[in-house]
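Residue numbers (this note's numbering), protein chains in the order written: chain A, 1 to 571; chain B, 1 to 208; chain C, 1 to 349.
You may find that some hints are simply not true.
[Unchecked claim] DEER-style ranges, computed between Cβ atoms:
#1 C/Lys63 to A/Gly119: 41 to 47 Å
#2 C/Leu64 to B/Tyr43: 50 to 56 Å
#3 C/Thr167 to A/Leu340: 50 to 56 Å
#4 A/Lys474 to B/Val81: 51 to 57 Å
#5 B/Phe18 to C/Leu9: 46 to 52 Å
#6 C/Phe276 to B/Lys201: 57 to 63 Å
#7 B/Arg193 to A/Lys471: 31 to 37 Å
#8 C/Thr167 to B/Lys4: 53 to 59 Å
#9 A/Leu123 to B/Tyr43: 33 to 39 Å
#10 B/Arg193 to A/Lys489: 42 to 48 Å
#11 A/Met472 to C/Leu64: 29 to 35 Å
#12 A/Gly496 to B/Asp141: 17 to 23 Å
#13 A/Tyr257 to B/Val205: 30 to 36 Å
#14 A/Glu218 to B/Thr47: 53 to 59 Å
[As the list claims (entries may be wrong)] To spell it out: a stretch of chain A is covered by chain C in this simulated footprint if at least three of its residues, at any positions, have a beta carbon under 8 Å from a beta carbon of chain C; those stretches are:
#15 314-324
#16 473-482
#17 544-555
Simulated from the structure, these hints should not be mistaken for laboratory data.
Glycine included, each C-beta is placed from N, C-alpha and C at the ideal position.
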Amino acid sequence: MPWAKEEDFLELKKKFKDLQIEVKPTITNLHIPKHELIELLKELKQMGYKLFIDHSVVDFPERSPRFQAFYILYNVDERKRVVVKTWTDGTLPSIEKLWFAGKWAERECYDMFGIQYEGHENLVRAFMWETYQYHPLRKDFPLEGYANEYLPSLNEVLWGDNLQGLMNYDRMHTPVPTLEDLEITEKRRLKKKAQLVLNWGPLHPGTHGTMWFLFDLEGERVVQCDVILGQLHRGVEKLAENEMYNQFLVYTDRMDYISALCSNQAWVVAVERLLGIEDLVPEKAKYIRTMMSELQRINSHLLWLGTYALDIGALTIFLYAFKEREKLMDIIEGITGARLTISYPRVGGVRMDLPEGALEVIKAFVRRFPRELKDWETILSRNRIWLRRNVGVGIIQKEDVYFYGLTGAVARGSGVPYDIRKFEPYDAYPWVEFDVPVGENGDVYDRYLVRLEEMRQSLRIVEQCVSKLEKMPKSAPFFAESPDPKKLKLPLDGIGLKVPEGEIYSSGENPRGELGFYIYSTGGVKPYRVKIRPGSMYNLCIYPKLMKDRVIADAVAVLASLDPVVGEIDR
Amino acid sequence: MIKKVFEKPLSWLERILFIDFIKGLSVTIRHAFSKTITTHYPYEKLTPPKRFRGFFGHKVVDGREPQPAFEEWVERFKIEVEPGKSRCVVCLLCKRACPVPQLFEIEGEKLPNGRRRVSVFNMNMLLCTFCGFCVDACPVDCLFQSDIHETASYSRKDSVLTLEVLERIGRDWQRRREKEPDRIWIDDAQRMRLWYENDLKLPEVKKQ
Amino acid sequence: MESLFVQLLVIGIKILVILGVVLGLGAYLTLVERKVAAHIQRRPGPMVVGWHGLLQPLADGLKLITKEDIFPRAGNRFLYNLALVLALVPAVLVFAVVPFGPEFEVFGVKVKPILTDVNVGLLLVFALGSMAVYAIALAGWASNSKYALIGSMRKAGIIVSYEVVITFAVMGPIILAGTLSTYEIVQQQINQKLWYIWLQPIAFVIYMFAMLAEAGRVPFDIQEAEAELVTGFNVEYGGIKFGLFPLVEWYVEVLSLSAIAVVLFLGGWSPINIPFLGFVDPLFFLGPLSPFVWFVLKVALLFLFVLWLHWTLPRYRIDQITETAWKVMLPLTFVNLVLTAVLAPIVWR
Chain A
1 MPWAKEEDFL
11 ELKKKFKDLQ
21 IEVKPTITNL
31 HIPKHELIEL
41 LKELKQMGYK
51 LFIDHSVVDF
61 PERSPRFQAF
71 YILYNVDERK
81 RVVVKTWTDG
91 TLPSIEKLWF
101 AGKWAERECY
111 DMFGIQYEGH
121 ENLVRAFMWE
131 TYQYHPLRKD
141 FPLEGYANEY
151 LPSLNEVLWG
161 DNLQGLMNYD
171 RMHTPVPTLE
181 DLEITEKRRL
191 KKKAQLVLNW
201 GPLHPGTHGT
211 MWFLFDLEGE
221 RVVQCDVILG
231 QLHRGVEKLA
241 ENEMYNQFLV
251 YTDRMDYISA
261 LCSNQAWVVA
271 VERLLGIEDL
281 VPEKAKYIRT
291 MMSELQRINS
301 HLLWLGTYAL
311 DIGALTIFLY
321 AFKEREKLMD
331 IIEGITGARL
341 TISYPRVGGV
351 RMDLPEGALE
361 VIKAFVRRFP
371 RELKDWETIL
381 SRNRIWLRRN
391 VGVGIIQKED
401 VYFYGLTGAV
411 ARGSGVPYDI
421 RKFEPYDAYP
431 WVEFDVPVGE
441 NGDVYDRYLV
451 RLEEMRQSLR
461 IVEQCVSKLE
471 KMPKSAPFFA
481 ESPDPKKLKL
491 PLDGIGLKVP
501 EGEIYSSGEN
511 PRGELGFYIY
521 STGGVKPYRV
531 KIRPGSMYNL
541 CIYPKLMKDR
551 VIADAVAVLA
561 SLDPVVGEID
571 R
Chain B
1 MIKKVFEKPL
11 SWLERILFID
21 FIKGLSVTIR
31 HAFSKTITTH
41 YPYEKLTPPK
51 RFRGFFGHKV
61 VDGREPQPAF
71 EEWVERFKIE
81 VEPGKSRCVV
91 CLLCKRACPV
101 PQLFEIEGEK
111 LPNGRRRVSV
121 FNMNMLLCTF
131 CGFCVDACPV
141 DCLFQSDIHE
151 TASYSRKDSV
161 LTLEVLERIG
171 RDWQRRREKE
181 PDRIWIDDAQ
191 RMRLWYENDL
201 KLPEVKKQ
Chain C
1 MESLFVQLLV
11 IGIKILVILG
21 VVLGLGAYLT
31 LVERKVAAHI
41 QRRPGPMVVG
51 WHGLLQPLAD
61 GLKLITKEDI
71 FPRAGNRFLY
81 NLALVLALVP
91 AVLVFAVVPF
101 GPEFEVFGVK
111 VKPILTDVNV
121 GLLLVFALGS
131 MAVYAIALAG
141 WASNSKYALI
151 GSMRKAGIIV
161 SYEVVITFAV
171 MGPIILAGTL
181 STYEIVQQQI
191 NQKLWYIWLQ
201 PIAFVIYMFA
211 MLAEAGRVPF
221 DIQEAEAELV
231 TGFNVEYGGI
241 KFGLFPLVEW
251 YVEVLSLSAI
261 AVVLFLGGWS
271 PINIPFLGFV
281 DPLFFLGPLS
291 PFVWFVLKVA
301 LLFLFVLWLH
311 WTLPRYRIDQ
321 ITETAWKVML
331 PLTFVNLVLT
341 AVLAPIVWR
């Protein structure tokens, strides 16, 4: 089990008198008062809990102090996780010297909750624009927002149509940013140091989504670089407090829209762990979920390869990758019914059984795919232009992986074998064999090789799952039976699924990194607070450091190798 | 198990004779002389599989309802059953299961003989996420998802499905595709355009 | 008097033929490129307009001509339009010194199928190529946009470096032929029964790379790298002005420079060559048209090879391009020059 035990912290109890250790089956908490927080975090970092996972805040408006802050840390060598909690009324000391990723997490908490951080270098909003007045995730901010801006429709202004009341139309609207707001946001970010400031984004075919980069250029060399996020912010965490556990599955599709099945699986596994019903889920459902997830991983890496090669200039690989992707989409459409926003796993199993012919098609795909991979490697991997563009560019050291909270293929390319499928296995991963590819230098070329090798290992997993599924009888169940329907209702459509009080942090290995869900539940059918730990966001926070003193042409290569998806960063 | 990946640099002979370029060029020329894989939409179209999650429909009463569930629900809510009209029993379970409940507008009316019947059933497709929770929740197999996916329209009103439209989609579906087996896809010939190089052998379509 | 009138008539016909063929062919080459690229990528390319897309260039031209011509508010209108003229005219003028075939006689008048047979033909070619720098630098400056400026500065740097490289690379064939006139070089290759490519492989490879760099094709098209600069220096141009820049750069320049390559290395209009022994002509049944067909065939093959490279290789970074030019290619041309000086007497006999 990945949670730390009480024995590990006996030394700490001697040093910190007010430390309280709380060990539950789903989580391990260390409660500490605010004035000793930084000391405790430094001690934990010395002990080996070096990898920064997440930091955020839960709002209890009827208690005082009001906010409960939590920090999640991970020990890679001993494979243990711990959560540090403290109570505060509105200020917290900043941990930006301990972990740089904390700087971005703190900016998000300031934006969403209004918490002031002492010692933070540049406390600006993370997602909303600078002149926005509210803090949306507080419990007293209503779900619909404050509609106090007068925004008539063009039909009314130009032609005098009266549309008030028709089709849910209302002239009063929630605040909308204007051009002046965006300019103020831009000015508060970067202090200009060099010749010219180039705006890369927010609408650009080269950034992977709507991200806004500001480059301070001296000729072709980048002196400093900053990122403005929030163009795709949809308020998913606020919506989660209003949806039932099964209904929230729809939102997990739309965050990381390229690997939707993996995000679905991570959420479903998190809720199942919180309920404690992991053993009730039938074997067939676990194998199906694993197989679909690995197919989705190949899908996502194909998109990454296509756009990466396109950005560097090899224009045909894009279309070859999409040919294979089209086949995968055909498979996924035949099994689940949709191609992009899938919502196929359910809390307790999957929605429907496999149709006939599905396993033959998957076997045919698996047979041919290694040959295609070999073709593309012939075009790319040992091409001298490719090597010159990628080797030695964007090197990430091993210590940076812990300092910046990097996970996924980015961490594995730098030599840290961090893979949630091996460290904290879920679904059918304990029963399949596969290798974890690890790189040496940490440059862009190593990450490229790591992802290509991951595709081959995913094929291995799919082969093993298919052979297991062929042997299972046709009538094997695909959804869990509740042992006691009075105490625990497990319906297929999710109405009435009650979760007992508790909290959990559980993560899944997305193709982009580690997607984690911290769920705080106070009983009932809707969660109290859901914090989503996006892998892409913490992978992106190393980008300004990597771009210092490099040419603009490298900006594309480095960004594509980090593989961000804006839906997950902005949620 | 950890597997190390590393770079294999080019040798001098490869550099002088441009062998890396020549290998890449040979792959491309081989692809240039293979068959193309595109489906010429809209002259050729793919048929979505039976499970496809497109627009919604109401199945009509024709004697194939799931018994005994249908009888129980009809008795519980005292529904007037009319052959050829929707099976809906106004239980509102679809609205409860939906992540965006505002898109449903469901009302029932009381008839002079004491039974009830559904009178208004509007679904606003502009708010729908096409997840299918409502289909899973319906206890009498009335609400279902068809294969209609070409749904562009000129005004917002055209995206609201009313009861007549839903019944029409249902009747069309039951006539066209209800007897189809639950297979991964049904148009093998069309799909072979993309899958021909994979050497795919699917079991035959069983006639029912 | 009469001969002057006849000469003017002949020159007039040649000008019309060259202009018509070059510009019309340029438009249809867009279709050829799209079809070749599409089949490499396993898709059919344009199929809807006309049979298998044959009317597509007309549709594209019509669309571009009827588009709105948006001009940036603070740009320099005169330079903006001048850049386009400066790009188009020199590229077409190179065809003035390209020989299409041997001298022939019609109605008693000797006609050489080359517009002007000056005896410094090659010098003219490279002088016109250098004018391309003006066009690009002016286009980037007059657009008043940071992206356009960066793109044009990059391209100007590349063209300047590769002009030097290309000038040294062609010195090999010049030494072997002993003349700068394009018509004479082809004649010398026919007399010496030798295509110069057999003796100058290094120069040929370097010339090919330099041609790709001048014309802005992969692997040297960093200034049009869509991922960073969104079509580079012509980002602020609209309508037909936007369509003319790639036409000139990618198609007309590649055509003209590959025609010069055929003249210098592949023996112009001569049929297949066995070195030092003679020529073999499988197309003998075409009679007097055979040399013209051979010339067109060789230029087409080179063009298709350029397309094949474009759709396979990734692209270099800007500092790597100029580094390669000055540190690798230029020394290689010197080596080639020395080797040629040693081997030349074999050819001169």
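Hints that the structure is at odds with (numbers, increasing): Failing hints, ascending: 1, 2, 4, 8, 9, 11, 16.
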